[in-house]
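S.K.: The task is simple: from the sequences and hints, build the whole structure.
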Amino acid sequence: DGGITQSPKYLFRKEGQNVTLSCEQNLNHDAMYWYRQDPGQGLRLIYYSQIVNDFQKGDIAEGYSVSREKKESFPLTVTSAQKNPTAFYLCASSIVLLYEQYFGPGTRLTVT
Amino acid sequence: DQQVKQNSPSLSVQEGRISILNCDYTNSMFDYFLWYKKYPAEGPTFLISISSIKDKNEDGRFTVFLNKSAKHLSLHIVPSQPGDSAVYFCAASGESWGKFQFGAGTQVVVTP
Chain R
1 DGGITQSPKY LFRKEGQNVT LSCEQNLNHD AMYWYRQDPG QGLRLIYYSQ IVNDFQKGDI
61 AEGYSVSREK KESFPLTVTS AQKNPTAFYL CASSIVLLYE QYFGPGTRLT VT
Chain Z
1 DQQVKQNSPS LSVQEGRISI LNCDYTNSMF DYFLWYKKYP AEGPTFLISI SSIKDKNEDG
61 RFTVFLNKSA KHLSLHIVPS QPGDSAVYFC AASGESWGKF QFGAGTQVVV TP
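Protein chains in written order, with the numbering used here: chain R, 1 to 112; chain Z, 1 to 112.
Heads up, some of the hints might be wrong.
Simulated crosslink set (DSS-like; lysine-lysine; CA at most 30 Å straight-line) [claimed, not checked]:
{"#": "1", "chain 1": "R", "residue 1": "Lys9", "chain 2": "Z", "residue 2": "Lys99"}
{"#": "2", "chain 1": "Z", "residue 1": "Lys99", "chain 2": "R", "residue 2": "Lys83"}
{"#": "3", "chain 1": "R", "residue 1": "Lys57", "chain 2": "R", "residue 2": "Lys83"}
{"#": "4", "chain 1": "Z", "residue 1": "Lys68", "chain 2": "Z", "residue 2": "Lys5"}
{"#": "5", "chain 1": "Z", "residue 1": "Lys99", "chain 2": "Z", "residue 2": "Lys71"}
{"#": "6", "chain 1": "R", "residue 1": "Lys9", "chain 2": "Z", "residue 2": "Lys5"}
{"#": "7", "chain 1": "R", "residue 1": "Lys71", "chain 2": "R", "residue 2": "Lys9"}
{"#": "8", "chain 1": "Z", "residue 1": "Lys99", "chain 2": "R", "residue 2": "Lys71"}
{"#": "9", "chain 1": "Z", "residue 1": "Lys5", "chain 2": "Z", "residue 2": "Lys99"}
{"#": "10", "chain 1": "Z", "residue 1": "Lys56", "chain 2": "Z", "residue 2": "Lys68"}
{"#": "11", "chain 1": "Z", "residue 1": "Lys68", "chain 2": "Z", "residue 2": "Lys54"}
{"#": "12", "chain 1": "R", "residue 1": "Lys57", "chain 2": "R", "residue 2": "Lys70"}
{"#": "13", "chain 1": "Z", "residue 1": "Lys99", "chain 2": "Z", "residue 2": "Lys56"}
{"#": "14", "chain 1": "R", "residue 1": "Lys57", "chain 2": "Z", "residue 2": "Lys99"}
{"#": "15", "chain 1": "R", "residue 1": "Lys9", "chain 2": "R", "residue 2": "Lys83"}
{"#": "16", "chain 1": "Z", "residue 1": "Lys54", "chain 2": "Z", "residue 2": "Lys99"}
{"#": "17", "chain 1": "Z", "residue 1": "Lys68", "chain 2": "R", "residue 2": "Lys57"}
{"#": "18", "chain 1": "R", "residue 1": "Lys57", "chain 2": "R", "residue 2": "Lys9"}
{"#": "19", "chain 1": "Z", "residue 1": "Lys54", "chain 2": "Z", "residue 2": "Lys71"}
{"#": "20", "chain 1": "R", "residue 1": "Lys57", "chain 2": "Z", "residue 2": "Lys5"}
{"#": "21", "chain 1": "Z", "residue 1": "Lys56", "chain 2": "Z", "residue 2": "Lys71"}
{"#": "22", "chain 1": "Z", "residue 1": "Lys5", "chain 2": "Z", "residue 2": "Lys54"}
{"#": "23", "chain 1": "Z", "residue 1": "Lys99", "chain 2": "Z", "residue 2": "Lys68"}
{"#": "24", "chain 1": "R", "residue 1": "Lys14", "chain 2": "R", "residue 2": "Lys57"}
{"#": "25", "chain 1": "R", "residue 1": "Lys83", "chain 2": "R", "residue 2": "Lys70"}
{"#": "26", "chain 1": "Z", "residue 1": "Lys68", "chain 2": "R", "residue 2": "Lys71"}
{"#": "27", "chain 1": "Z", "residue 1": "Lys56", "chain 2": "Z", "residue 2": "Lys5"}
{"#": "28", "chain 1": "R", "residue 1": "Lys70", "chain 2": "R", "residue 2": "Lys9"}
{"#": "29", "chain 1": "Z", "residue 1": "Lys5", "chain 2": "R", "residue 2": "Lys83"}
{"#": "30", "chain 1": "R", "residue 1": "Lys70", "chain 2": "Z", "residue 2": "Lys99"}
No lab work stands behind these hints, which were simulated from the structure alone.
M.R.: Here it is in structure tokens:
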């Protein structure tokens, strides 16, 4: 079955620690994205990548970092510099130049 | 500043009736619009889209209308079914491929 997997579903970390969220897709999509969702707000774009070894900042990239070493994988690191890291994080992928994005189930990160 | 707004956080509708979800945007550069549906604990799934060269797009029970002069789009679901109970997000793109602005979502509850 083709799709996007995000792990883990729930993640708890202490303040000051970096944490990496996993995103893997087997849809053979070139483009991948990371979004953040906060209560009462829409999805906000953190980073996106259209091709391996290349990525661009989205609207709220500060405090986050990504890598795209493989087509299938686009991990997101939430660094200690991110002031409000507690949120629901969604990964998505798409065929380049098509608008429809396919989303994973999300990871809920809680930092205390 | 939110460029895409869904001003109704929730909507309750009887089974069999029409659900109308609204979305307003402020950026005149937006030229492609999508609606996504999200169930709890799952990622959003693509529902229907519309390009700015059209004013209507239909797919089964779902129709999206676009009024460019008013910077307004709406999603009609006819007839509403219990399985339509979900959060619906509208999203808009235009300035840069791959970058979408999402609304905050509308929770639809379809009652028997």
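S.K.: Each of the hints needs a verdict: does it hold here or not?
M.R.: Here is how each hint holds up against the structure:
| no. | hint | in the structure |
| --- | --- | --- |
| 1 | Lys9/R - Lys99/Z | holds, 25 Å |
| 2 | Lys99/Z - Lys83/R | holds, 23 Å |
| 3 | Lys57/R - Lys83/R | holds, 17 Å |
| 4 | Lys68/Z - Lys5/Z | holds, 15 Å |
| 5 | Lys99/Z - Lys71/Z | holds, 18 Å |
| 6 | Lys9/R - Lys5/Z | holds, 28 Å |
| 7 | Lys71/R - Lys9/R | holds, 22 Å |
| 8 | Lys99/Z - Lys71/R | holds, 19 Å |
| 9 | Lys5/Z - Lys99/Z | holds, 16 Å |
| 10 | Lys56/Z - Lys68/Z | holds, 11 Å |
| 11 | Lys68/Z - Lys54/Z | holds, 9 Å |
| 12 | Lys57/R - Lys70/R | holds, 18 Å |
| 13 | Lys99/Z - Lys56/Z | holds, 23 Å |
| 14 | Lys57/R - Lys99/Z | holds, 10 Å |
| 15 | Lys9/R - Lys83/R | holds, 22 Å |
| 16 | Lys54/Z - Lys99/Z | holds, 21 Å |
| 17 | Lys68/Z - Lys57/R | holds, 29 Å |
| 18 | Lys57/R - Lys9/R | holds, 24 Å |
| 19 | Lys54/Z - Lys71/Z | holds, 13 Å |
| 20 | Lys57/R - Lys5/Z | holds, 23 Å |
| 21 | Lys56/Z - Lys71/Z | holds, 14 Å |
| 22 | Lys5/Z - Lys54/Z | holds, 21 Å |
| 23 | Lys99/Z - Lys68/Z | holds, 20 Å |
| 24 | Lys14/R - Lys57/R | holds, 26 Å |
| 25 | Lys83/R - Lys70/R | holds, 29 Å |
| 26 | Lys68/Z - Lys71/R | violated, 37 Å |
| 27 | Lys56/Z - Lys5/Z | holds, 20 Å |
| 28 | Lys70/R - Lys9/R | holds, 22 Å |
| 29 | Lys5/Z - Lys83/R | holds, 25 Å |
| 30 | Lys70/R - Lys99/Z | holds, 21 Å |
Consistency note: the structure conflicts with earlier hint 26 alone.
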